[in-house]
Each structure stands twice: as structure tokens, then as C-alpha cells.
Amino acid sequence: MTLIARLRIILNDVEPMPMRHIEVPLKIRLDRLHEVIQAAMGWTDTHLYEFRVDDTGWGMPDPDGFYDGPMDAKKMTLEKLLDQTATRTIQYIYDFGDDWDHSIRIERVNEAIQGVTYPRLLKATGACPPEDVGGAWGYEEFLEALADPDHEQHEDMVRWSGGDFDVEDAGAETIIERFERLAKKWTPQPRKPKATI
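Note that this note's numbering numbers the sequence shown so that position 155 is 155, with each residue one more than the last.
You may find that some hints are simply not true.
Taking CB as the label site, the calculated pair distances span [stated by the list, open to error]:
hint: 1; residue 1: D68; residue 2: R105; range: 42 to 52 Å
hint: 2; residue 1: H154; residue 2: D45; range: 42 to 52 Å
hint: 3; residue 1: K194; residue 2: D169; range: 22 to 32 Å
hint: 4; residue 1: E15; residue 2: G162; range: 14 to 24 Å
hint: 5; residue 1: D166; residue 2: D132; range: 11 to 21 Å
hint: 6; residue 1: P149; residue 2: R108; range: 42 to 52 Å
hint: 7; residue 1: G69; residue 2: K194; range: 37 to 47 Å
hint: 8; residue 1: M17; residue 2: K194; range: 49 to 59 Å
Calculated cross-link-like contacts (lysine to any residue; reagent style SDA-like; alpha-carbon spacing at most 20 Å) [unchecked claim]:
hint: 9; residue 1: K75; residue 2: R32
hint: 10; residue 1: K74; residue 2: R32
hint: 11; residue 1: K80; residue 2: V53
hint: 12; residue 1: K123; residue 2: D169
hint: 13; residue 1: K27; residue 2: M76
hint: 14; residue 1: K75; residue 2: I28
hint: 15; residue 1: K27; residue 2: E107
hint: 16; residue 1: K27; residue 2: T46
hint: 17; residue 1: K27; residue 2: L82
FYI, nobody ran anything at the bench for these hints, they're computed from the structure. Model, not experiment: these values are computed from the prediction. Glycine included, every Cβ here is placed at the ideal spot set by N, Cα and C.
Can you build the whole structure from these sequences, using the hints too?
So, in C-alpha cells, the structure goes:
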């Protein structure tokens with residue numbers, strides 16, 4: 001029996017507030033959950049990240065061991081995290097410069113639906129801010145400049161964002177495509193039969 005966790009992911013401190021409802025296997029490793037969140041929110045996975053529950057964190061540990069950073073996300077699953085912490089809410093921080101702060105709420109755990117591939121997008125609202133816009137404060141300024149043709153940075157922000165940024169467009173079709181690629185990447189491949197001599 002494969003158990004599936006339904007998650008609600010909110011990007012805090014941003015208006016309008018981006019939200020994603022997704023389903024992932026309960027046994028997913030946290031490093032893979034990170035990839036799912038990147039795909040769901042539209043981030044580019046070019047910065048460090050950390051999952052946090054109280055004072056404990058999981059992410060990418062220092063390879064040289066010079067400082068006490070987060071524990072290795074590859075060695076923790078969502079299921080183990082829930083068992084060990086008894087929490088229903090996890091904090092996910094992405095890009096320690098911009099500090100994009102997400103709240104992940106575990107809404108329920110059900111059995112997998114036969115024939116359905118995971119991760120699965122259930123609902124997506126609101127666009128994710130552009131990468132490297134300067135955090136929540138920079139995003140607010142970015143939106144102000146986009147909305148006001150007389151703003152001194154209007155033309156620069158239109159050019160920088162590609163000219164078609166829509167705060168309401170979550171890009172659901174793109175998220176589904178990204179999820180399908182992740183599911184394919186993580187599906188165990190059948191072993192090739194050994195050649196007989």
C-alpha cells in the first residue's frame with residue numbers, strides 16, 4: 001500500500017499569495033520534495049534551501065563539515081519527519097538572500113489512486129515572484145513599477161520580466177508538465193537482462 005500526503009504550500013509575505021495544493025508519496029525524501037516545490041512554485045533551483053521544524057533543519061549540509069548547517073535532506077523522508085516531530089506544518093525557506101518563506105501544511109494522508117502518477121497538482125493560484133527580484137519587499141516594488149507606466153523603472157522591469165508577467169497566472173499547465181518529468185525521472189527503470197555467454 002502506497003500512502004500519499006496532500007500538502008498545501010503557501011508563499012508567505014507576498015500579495016497576492018501564491019498557493020499550491022499537491023499530492024506526493026508519503027515516503028518521499030526531502031531533497032525530492034524540494035524539487036517538487038521548485039516545480040510547483042516555478043523557482044529555478046539555483047539557491048540553497050532548508051526545511052525547518054522548530055530548531056531542526058534539513059537541506060544541503062556543508063560538504064567540508066566546517067559549520068553546523070542543516071542535516072542532509074537526502075537522509076530524511078516526509079514520513080519520518082512527521083513521525084519524529086508529530087508536526088503538521090513544515091517551514092521551507094528558499095534562497096537565503098531573498099528568504100522566500102513557505103508554509104507547508106500536511107492536510108491528510110490517503111492511499112494512492114491506482115493509475116495516478118505522483119507528484120500530482122490539485123490546485124494552483126497566484127504567480128510565483130520572479131527569481132532574484134529581491135524578496136517580498138523587492139517583489140512589491142517590482143509590481144508597483146510594472147503597474148505604473150510613469151514609474152522610473154517601468155520599462156526596465158517590463159524588459160527584465162519578459163513583458164507578460166501576470167500575478168494571477170499560476171502556470172498550472174507548466175507545473176503539470178514539470179511534475180510529469182519528475183515522476184518519469186523517479187520511476188524505477190526495469191533492469192536489463194544479463195547477457196548470456
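Hints, one by one, checked against the model:
1. In this structure the hint that D68 and R105 lie 42 to 52 Å apart at CB is violated, the actual value being about 28 Å.
2. Between H154 and D45 the beta carbons are some 30 Å apart, a value that contradicts the proposed interval 42 to 52 Å.
3. For K194 paired with D169, a C-beta distance near 50 Å fails the hint of 22 to 32 Å.
4. Distance hint check: the CB atoms of E15 and G162 are about 21 Å apart, consistent with the given range 14 to 24 Å.
5. Against the hinted window of 11 to 21 Å, the Cβ-Cβ separation of D166 and D132 comes to about 19 Å, which satisfies the hint.
6. For the hinted restraint 42 to 52 Å between P149 and R108, the CB-CB distance of approximately 46 Å keeps it satisfied.
7. One distance hint, 37 to 47 Å for the beta-carbon pair G69 and K194, holds here, with the actual separation near 42 Å.
8. Distance hint check: the CB atoms of M17 and K194 are about 54 Å apart, consistent with the given range 49 to 59 Å.
9. About 11 Å separates the Cα atoms of K75 and R32, which keeps this hinted pair within 20 Å; it holds.
10. For the hint linking K74 to R32, the alpha-carbon distance of about 8 Å falls within 20 Å, and the restraint holds.
11. At roughly 13 Å between alpha-carbon atoms, K80 and V53 fall within 20 Å of each other, so this suggested pair holds.
12. The suggested pairing of K123 with D169 holds, with an alpha-carbon distance near 12 Å, which does not exceed 20 Å.
13. Straight-line distance between C-alpha atoms of K27 and M76 comes to about 9 Å, which keeps the hinted pair within the 20 Å bound.
14. For a cut-off of 20 Å, the pair hint linking K75 to I28 stands: about 11 Å separates their Cα positions.
15. For the suggested pair K27 and E107, the alpha carbons sit about 16 Å apart, so the restraint of at most 20 Å is met.
16. Proximity of K27 to T46 is assessed by CA-CA distance (about 25 Å); at most 20 Å being required, the pair is judged violated.
17. Simply put, K27 and L82 have alpha-carbon atoms about 10 Å apart, close enough for the 20 Å limit, and the pair holds.
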